[in-house]
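Visitor: The chain contents come next:
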Amino acid sequence: MISKRFIAKRLILLVPVVVGVASFVFAILHLSPGDPAIVIAGERASQEFIERIRTELGLNDPIWVQYGRFLFEAAQLDFGNSYVIRQGTPVREVLRTHFPVTLELALLGQFAGILFGIPFGLLSAIKQDSIVDHLTRVGALTGISVPIFWSGPLVILLFAQVLGVLPTSGRIAVEYSVPTVTGMVTVDSLLVRNWDAFVSAVRHLLLPSLTIGIYSMALISRMMRSSMLEVIRQDYMRTARAKGQGPKITIMKHGFRNALIPVVTIIGIQFGTLLGGAVLTETIFGITGLGRLLVDAIEVGDYPIVQGTVLLFAFLFTLVNLGVDLTYSYLDPRIEQ
Amino acid sequence: MSTDVQTEIGDTRGIVDRIRASPFLSELLRNRLALFGLAIILLMVVIAVYSRLFMDVGAITQSNLGSAPSMQGPCGENALSAIPGSASGCTYPFGTDLQARSIFDRVMYGSWLALKFGTAIVGMSTLLGVGLGIVAAYYGGAVDNTIMRVMDVLLAFPPLLLALALVAIFGTGLWKAVIALTLVYTPRFARVVRGAALKVIEDEYIDATIALGARDRRILVRHILPNSLAPITVQSTLNFGLAIIDLAALSFLGFGAQAGTPSWGLMLSNGVTQGLLSGEWWWSFFPGLFLATTVLGFNLLGDGMRDALDPRMREAVD
Chain A
1 MISKRFIAKR LILLVPVVVG VASFVFAILH LSPGDPAIVI AGERASQEFI ERIRTELGLN
61 DPIWVQYGRF LFEAAQLDFG NSYVIRQGTP VREVLRTHFP VTLELALLGQ FAGILFGIPF
121 GLLSAIKQDS IVDHLTRVGA LTGISVPIFW SGPLVILLFA QVLGVLPTSG RIAVEYSVPT
181 VTGMVTVDSL LVRNWDAFVS AVRHLLLPSL TIGIYSMALI SRMMRSSMLE VIRQDYMRTA
241 RAKGQGPKIT IMKHGFRNAL IPVVTIIGIQ FGTLLGGAVL TETIFGITGL GRLLVDAIEV
301 GDYPIVQGTV LLFAFLFTLV NLGVDLTYSY LDPRIEQ
Chain B
1001 MSTDVQTEIG DTRGIVDRIR ASPFLSELLR NRLALFGLAI ILLMVVIAVY SRLFMDVGAI
1061 TQSNLGSAPS MQGPCGENAL SAIPGSASGC TYPFGTDLQA RSIFDRVMYG SWLALKFGTA
1121 IVGMSTLLGV GLGIVAAYYG GAVDNTIMRV MDVLLAFPPL LLALALVAIF GTGLWKAVIA
1181 LTLVYTPRFA RVVRGAALKV IEDEYIDATI ALGARDRRIL VRHILPNSLA PITVQSTLNF
1241 GLAIIDLAAL SFLGFGAQAG TPSWGLMLSN GVTQGLLSGE WWWSFFPGLF LATTVLGFNL
1301 LGDGMRDALD PRMREAVD
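If you read the sequences in order, they're chains A and B.
Numbered by this note's numbering, the letters in the first sequence go through residues 1 to 337 in order.
Numbered by this note's numbering, the letters in the second sequence go through residues 1001 to 1318 in order.
None of these hints come from the bench; they were simulated from the model.
The hints are all genuine.
Which chain B residues face chain A? A few, computed with CB under 10 Å, are given here:
(1) 1150
(2) 1153
(3) 1164
(4) 1292
(5) 1295
Partial pick of chain B residues on the chain A-facing surface, computed with a CB cut under 8 Å:
(6) 1156
(7) 1158
(8) 1159
(9) 1160
(10) 1161
(11) 1165
(12) 1168
(13) 1169
(14) 1171
(15) 1241
(16) 1249
(17) 1268
(18) 1281
(19) 1291
(20) 1300
Using N, Cα and C, we set each Cβ at its ideal position, and we do this for glycine too.
Make the full structure from the sequences, and use the hints.
Guide: Structural data, given as structure tokens:
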């Protein structure tokens, strides 16, 4: 069990981080070289018009007034309206449509990483120095060395160009229209029990989530292997065997759970890389998620979108790490001390 | 008298003996994978230096349309615009791009850019991180808290996204991307160094130095820094590969290298958007291959260094 005190302590420690993160995001707008009013009005707008927009946006107020307003509004998830990309639309709305797309991709990528990473790492450790072990280690090392923006195109080349079996862009075939409930096409098509649409959505997601998951897979299997190797040599493992317990049960019951602790940590740490990978994967596979939105917003100077997206990504990453901390203390209660 | 004899023996010892005497180096040299990684890195350094000294940057940056075949496959025909009677045999081992530039030459030169800017990122973030980490560990209290809370804020962002946010502030360009990534990598070094330094500070010889009346700066530079150096070296090596990837990623997304620059990330981006679906795979394949191989080299070496440093890991591997 995780004690309430531990959770409370963790949450209190988060407060300065959250304020710091919000302050940095506020600074993005004010340290950037471009004038937001000119971005909205266009280069050729008259001086009075630009001045009017500056007043409307509150850019003429003292900086600390703007800062206070930003914190107050950000706490209500209000980041103002988009300047360019969806001019006039509240950023919150834009984020709401793009967020599920990225979440779906990241979750599937993470799922693939855990699904393949843990068994391979475990097998590699149990059969140390066997062919399986060597292959897994070489594969994992290659996996962490190959950048997503190379493995993605290679995957496209192999599966789509050479084999011609899977789609390489978009999220679902155009002939299917699925009502938006969660914003995740796989879930939405399941909700209306449109099986063909579900299959199409899964086929579209397969290559992107494989691409984004390779790194997680590699990192998790490496950590699982080295952690398991360390655990196998512990005294309590020998004790369990000595009292007559079979090797399989000993490894699963005593070894696996203890070896999992560092693996959980690495899952949290690499989740940040996974979110960065989403930006690249969405660019390669033509998926309109948060990552692609951020890149587009930086290109055109749509600062409210940049602020909202960056804050949302940081929030997501912090949340996952909090979850990791709590899982960690569940797996090893000594950590709370 | 006896110390004089010892120094003399120490001086006459060959380098081989000295390496044998160091458990870290001898362990590292016994690791074949780490040596393979080192070989890759050295090969890349040779290619980089050669390209920098002997290649004409103008020729690989500007368009060669009209004087060379455009989009020609590796050593092959099927060029988009072949120049009759020219470029027979294997003039372009990696093919050419849309501007009829030799991808082989550009990829070779790209290794110079990658190593140069990678060194800049890792070098600057190591210096900054080491400074901040050691100061935080030694002074503790409010200094430690202030430094480490700022580092926590930077660590709260997914790395590439923090780099993108900083790029939104600084603007586009390779050096700006380098500065952005330096800020992204600094907190990792600060954390590792702080941890290492805290362990060193607990050692008795630091108490002894303080008792002898040494000043803060002397203790920090002469005692704590050298003894925290090992984990820093490992961290730098492992992060070198990541830094090259992240810099290429920023160029890939259009925020790093400017059009025409033979950077691996930018070449990959052009190759993917303009050449992948039309079948010109070589345009993006070779820059990616060089990038991945270089990163693999740093990961192999970094892994070996970490194993050589941590005796517990060594036991686990044996």
